[in-house]
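If you read the protein sequences in the order shown, they are chains A and B. Using numbering that gives the first Met the number 0, read the first sequence as starting at 0 and increasing by one per residue. Using numbering that gives the first Met the number 0, read the second sequence as starting at 0 and increasing by one per residue.
Mixed in with the good hints, there may be bad ones.
What the hints assert, rightly or not - Some, not all, of what chain B presents toward chain A, calculated at C-beta under 8 Å:
(1) PRO26
(2) VAL28
(3) GLU46
(4) TRP50
(5) ALA128
(6) ASP129
(7) GLU130
(8) THR256
(9) PRO271
As the list claims (entries may be wrong) - Listing some non-contacts, in silico: residues in chain A with all C-beta distances to chain B over 10 Å:
(10) ALA100
(11) ALA367
(12) ASN369
(13) PRO370
(14) PRO381
(15) ASN395
(16) ASP462
Hint data in this document are derived by calculation from the structure and do not stem from the laboratory. We put the CB at the ideal spot given by N, CA and C, even for glycine.
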Amino acid sequence: MSQDKSVLLKIKDLRIEGYSDEHWIEIVHGIDLTLHRGEVMGLIGESGAGKSTIGLAAMGFTRDGCRISKGSSIEFDGMELTTTPASDLQSLRGARIAYVAQSAAASFNPAHKIIDQHTEAPIQYRIQKRLESQEDAMELYERLRLPNPREIGFRYPHQVSGGQLQRAMTAMAMACRPDLIIFDEPTTALDVTTQIEVLSAIRDIVDQFNTAAIYITHDLAVVAQMANVIKVLLKGDEVEEADTRTMLENPKDDYTKSLWAVRDFKRDQKPRPVDTVPLVSVKNVDAAYGDTPVLHDVSFDIFAGMTVAVVGESGSGKSTAARCITGLLPPTSGEILFNGEALPPDYRDRTKDQLRQAQMIYQMADTALNPKVKISEIIGRPAQFYSGLKGPALKNRVDELLDLIELEPAQYYHRYPPELSGGQKQRIGIARTLAAEPAFIICDEVTSALDQLVAEGILRLLDKLQKELNLSYMFITHDLATVRSIADEVVVMQYGKVVEQGPKDVMFKPPHHAYTDLLLSSVPEMDPDWLTTLLEERGVDNIGEAAKLK
Amino acid sequence: MNYFIIGFYALLIGASSLAAYYQKRTPFVLLFSLTLVSFVMGIVGGESMLWAVTLLAGMIAFSAGVSYSFREFLVLILPRDLAKEMRTAPLTAGFGLFVIFTYAISGIFAPIIAPFGEAEVISSAFAPADENMLLGADQLGRDMFSRIIYGARNTVGLALLATILAFAMGATAGLYAATKGGKLDQLLGRIVDVIMSIPSLIFSLLLLSIFGTNTATLIIVIAIIYAPRVFRLARSVGGNVVVMDYIEAAKLRGEGTWYLIRKEILPNSSAPLIAEFGLEFCFVFLLVAGLSFLGLGIQPPTADWGSMVRENATLISFGEITPLIPAGAIALLTVAVNFVVDWMLYRSSGLKE
Numbered sequence: 000m001s002q003d004k005s006v007l008l009k010i011k012d013l014r015i016e017g018y019s020d021e022h023w024i025e026i027v028h029g030i031d032l033t034l035h036r037g038e039v040m041g042l043i044g045e046s047g048a049g050k051s052t053i054g055l056a057a058m059g060f061t062r063d064g065c066r067i068s069k070g071s072s073i074e075f076d077g078m079e080l081t082t083t084p085a086s087d088l089q090s091l092r093g094a095r096i097a098y099v100a101q102s103a104a105a106s107f108n109p110a111h112k113i114i115d116q117h118t119e120a121p122i123q124y125r126i127q128k129r130l131e132s133q134e135d136a137m138e139l140y141e142r143l144r145l146p147n148p149r150e151i152g153f154r155y156p157h158q159v160s161g162g163q164l165q166r167a168m169t170a171m172a173m174a175c176r177p178d179l180i181i182f183d184e185p186t187t188a189l190d191v192t193t194q195i196e197v198l199s200a201i202r203d204i205v206d207q208f209n210t211a212a213i214y215i216t217h218d219l220a221v222v223a224q225m226a227n228v229i230k231v232l233l234k235g236d237e238v239e240e241a242d243t244r245t246m247l248e249n250p251k252d253d254y255t256k257s258l259w260a261v262r263d264f265k266r267d268q269k270p271r272p273v274d275t276v277p278l279v280s281v282k283n284v285d286a287a288y289g290d291t292p293v294l295h296d297v298s299f300d301i302f303a304g305m306t307v308a309v310v311g312e313s314g315s316g317k318s319t320a321a322r323c324i325t326g327l328l329p330p331t332s333g334e335i336l337f338n339g340e341a342l343p344p345d346y347r348d349r350t351k352d353q354l355r356q357a358q359m360i361y362q363m364a365d366t367a368l369n370p371k372v373k374i375s376e377i378i379g380r381p382a383q384f385y386s387g388l389k390g391p392a393l394k395n396r397v398d399e400l401l402d403l404i405e406l407e408p409a410q411y412y413h414r415y416p417p418e419l420s421g422g423q424k425q426r427i428g429i430a431r432t433l434a435a436e437p438a439f440i441i442c443d444e445v446t447s448a449l450d451q452l453v454a455e456g457i458l459r460l461l462d463k464l465q466k467e468l469n470l471s472y473m474f475i476t477h478d479l480a481t482v483r484s485i486a487d488e489v490v491v492m493q494y495g496k497v498v499e500q501g502p503k504d505v506m507f508k509p510p511h512h513a514y515t516d517l518l519l520s521s522v523p524e525m526d527p528d529w530l531t532t533l534l535e536e537r538g539v540d541n542i543g544e545a546a547k548l549k
Numbered sequence: 000m001n002y003f004i005i006g007f008y009a010l011l012i013g014a015s016s017l018a019a020y021y022q023k024r025t026p027f028v029l030l031f032s033l034t035l036v037s038f039v040m041g042i043v044g045g046e047s048m049l050w051a052v053t054l055l056a057g058m059i060a061f062s063a064g065v066s067y068s069f070r071e072f073l074v075l076i077l078p079r080d081l082a083k084e085m086r087t088a089p090l091t092a093g094f095g096l097f098v099i100f101t102y103a104i105s106g107i108f109a110p111i112i113a114p115f116g117e118a119e120v121i122s123s124a125f126a127p128a129d130e131n132m133l134l135g136a137d138q139l140g141r142d143m144f145s146r147i148i149y150g151a152r153n154t155v156g157l158a159l160l161a162t163i164l165a166f167a168m169g170a171t172a173g174l175y176a177a178t179k180g181g182k183l184d185q186l187l188g189r190i191v192d193v194i195m196s197i198p199s200l201i202f203s204l205l206l207l208s209i210f211g212t213n214t215a216t217l218i219i220v221i222a223i224i225y226a227p228r229v230f231r232l233a234r235s236v237g238g239n240v241v242v243m244d245y246i247e248a249a250k251l252r253g254e255g256t257w258y259l260i261r262k263e264i265l266p267n268s269s270a271p272l273i274a275e276f277g278l279e280f281c282f283v284f285l286l287v288a289g290l291s292f293l294g295l296g297i298q299p300p301t302a303d304w305g306s307m308v309r310e311n312a313t314l315i316s317f318g319e320i321t322p323l324i325p326a327g328a329i330a331l332l333t334v335a336v337n338f339v340v341d342w343m344l345y346r347s348s349g350l351k352e
């Protein structure tokens, strides 16, 4: 295949405005971007940096309520997209520029078979006939190493796994052999083990067809594997651009450095206290949703003042274990001990004090805070409910809690959750749990919906609070970097069973249980050669099998 | 050919040319299609038809003007947040609000506005309009205009009370069923199914003939008939809220059901419930009018729009529009409330573009 390296996409002084509060506000402030054929550019930045907006603009598209300002220029293969009529743009999209969205599950139409959705664009643009296109799809499926490439396309989207669907989506983007593909956080919603399959598949296929790509993500380690060039964005402005190795080894801007430094947060591991009763003890718990068993003989202990991280892929029973502890899902057998005393299995049978002792912080702060209730009441209600505080005493307590989570009380007291950013909401969620003065807090993926810088702030806050208030955490996560920074002990779960558990330093050193090993080695590292090395070690062909390893 | 016809066409053609010159697409299409329609109507119906067209256009322009100025008035006098909402409201919403406002005023101040009492016989039966009686007299010689004004108070007041009661019952039960789930949810759901399976008019006729017709029974019967619809809506909206994490957090805190409903669920399901309130109000209003027409609603001599239509129905055969006036009052309020409800639905659905 000829490796043409000419300029494919040239964006000059791109400005995009968004309409809000009856005004047009500029959200992207003059971005320049040049992309050659066969080149992969990584766009990284926090949420609100304009990554996706720029990615979409590269297709000449803006979301509802946005517009590209006059004077911006988007030149795709010699064609000026800002002045091209909508009908011409339409025939460009899908055929020459393709888009892969974050959630494949939401982007596929659940009512049609995968292959029918795949062949839609080639047939519509009269590039291929139906049968030809189907044949082509099967070939692409094979290249993307999907299992049963000749049959998988005839399933419906809900009949394949998330990682497979994301790969099928990539195959669909390749259907018309586009010159440019825009990947918008394609692996963010996937587990680490699945992420590897998708990453390597995407990398191979982009390589094989000499396709240019814009890879949008907030995960630096991922972008390090995928991109030739990285562009760092902050609030619609470019911070810096350099090729991947230079950027990783020698970031120039302070903001980039701070992004790089996020993963440095590490805290000393505490040893397990001797001769004490564990604060929370899960003993031989089995649980089921209806007739489907989910947990099998799960046992672990959490001691006062310690952080126990529970890790595993989605569906491994991490959150179910938490639901058993809180009493939302009474276990079918086994028991939960708190300070050596058995807790009633159903939360409705627990006393107010038992409920107060164990609190929970949720993954999605958006759904964890009532949008129609003021911050003061969200935080104040547990204090009022458990301690019977009223009037000025209650207000003082709320102020105190807001201080504790490092938010200015006067500024937040009267606001509503939708007015806050993701990180601020998560802090409010923490304050609400603290208002109950608990001894034990379950943190259910508290940082996975947040940007790295913000997530790090939350982790530091949780650590500070643990020191000050001697809290115990059960930290549910699939992100091993988080585990590395905050945990004292680690529990690895798979298929509803505890695979391995022990102190963190022991857990992160070999020898491991095979599954722990797979999980640990799948966490992307900042080294640009990491993926290549890993794939060589594992042997490219058994990635699929490795993931199913039991 | 007289001056009116020449002026009529000259104005229309001139206006559409102006619109075309200034590249105003929508006004041009509107004006020019009106011109073409008037050509046909002028040929078919002659001059009188053109007068009708002019009158209709004038009325539409007049109500648009009224709605516009009323909206601007509201923007000026309302507090900031509400004013911002009003500014983006469509003209139809302004019109709806204006009509509701007018009805409210005439209902509240009925004794002051109406020149005569609602049961006062002042002239002969079916007397035509004169300087004393704006709209003439009804079948007993009572002033039509005064009765219309009093009707606003009686009919609308009754419908409002019945709707509020239906909502209080339906929403509470619906949210309670959504929160509790299980057997109670099933039981309430089946009761509601039974009530909804009986046609509302027949069911109300049945209940009213058992319990007799007085205002209190009427309100309760209507509320019972309409509460199931509210129950269904409240339960489904509540069902979406109940699964949120903040409800789980509140449950784990040990909060009682009543707190959950009042503080956590209700504020998050109020938007569709308010919109439904507007719609239900229209249905209840029509049911009250219908019952009165059948003689089971508000009892004479109390003025009521539904029964006024029935009592004066004979006049229709003499070419008089008197019975159409109370009917028009009902129609106008229904349309107005629906305009406002449309606007609220649009707002709560979040479809701004």
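Quick check on TRP50(B) please, does its C-beta sit within 8 Å of some C-beta on chain A?
Given a least distance of 43 Å, the restraint on TRP50(B) is violated.
GLU46(B) as an interface hint toward chain A, with CB separation required under 8 Å
Because about 48 Å separates GLU46(B) from the closest Cβ in chain A, which is outside the 8 Å limit, the hint is violated.
Under 8 Å, Cβ to Cβ, is where ASP129(B) needs to be relative to chain A, so tell me if that hint holds or is violated.
violated (53 Å)
Does the interface hint hold: is GLU130(B) within less than 8 Å of chain A, judged Cβ to Cβ?
violated (51 Å)
Can we trust that ALA367(A) is non-interface, i.e. its beta-carbon lies farther than 10 Å from all of chain B?
violated (4 Å)
Please verify that hint: ALA128(B), Cβ, nearest Cβ of chain A, below 8 Å or not.
Result: violated, 49 Å to nearest chain A Cβ.
Just checking, ASN369(A) versus chain B, shortest CB gap more than 10 Å?
violated (5 Å)
Tell me if VAL28(B) is really an interface residue toward chain A, meaning its C-beta lies closer than 8 Å to one of theirs.
violated (22 Å)
Separation of PRO381(A) from chain B, once the least beta-carbon distance is taken, above 10 Å
Violated: least Cβ distance 6 Å, not greater than 10 Å.
Can we keep the THR256(B) interface hint, with Cβ of chain A closer than 8 Å?
Violated. Min distance 11 Å.
Was PRO370(A) rightly flagged as not at the interface, with every chain B Cβ beyond 10 Å?
Label violated. Min Cβ-Cβ 7 Å, cutoff 10 Å.
Against chain B, does ASP462(A) keep a CB gap of more than 10 Å to every residue?
holds (23 Å)
Violated hints, listed in ascending order, are 1, 2, 3, 4, 5, 6, 7, 8, 9, 11, 12, 13, 14; each of the other numbered hints is respected by the structure.
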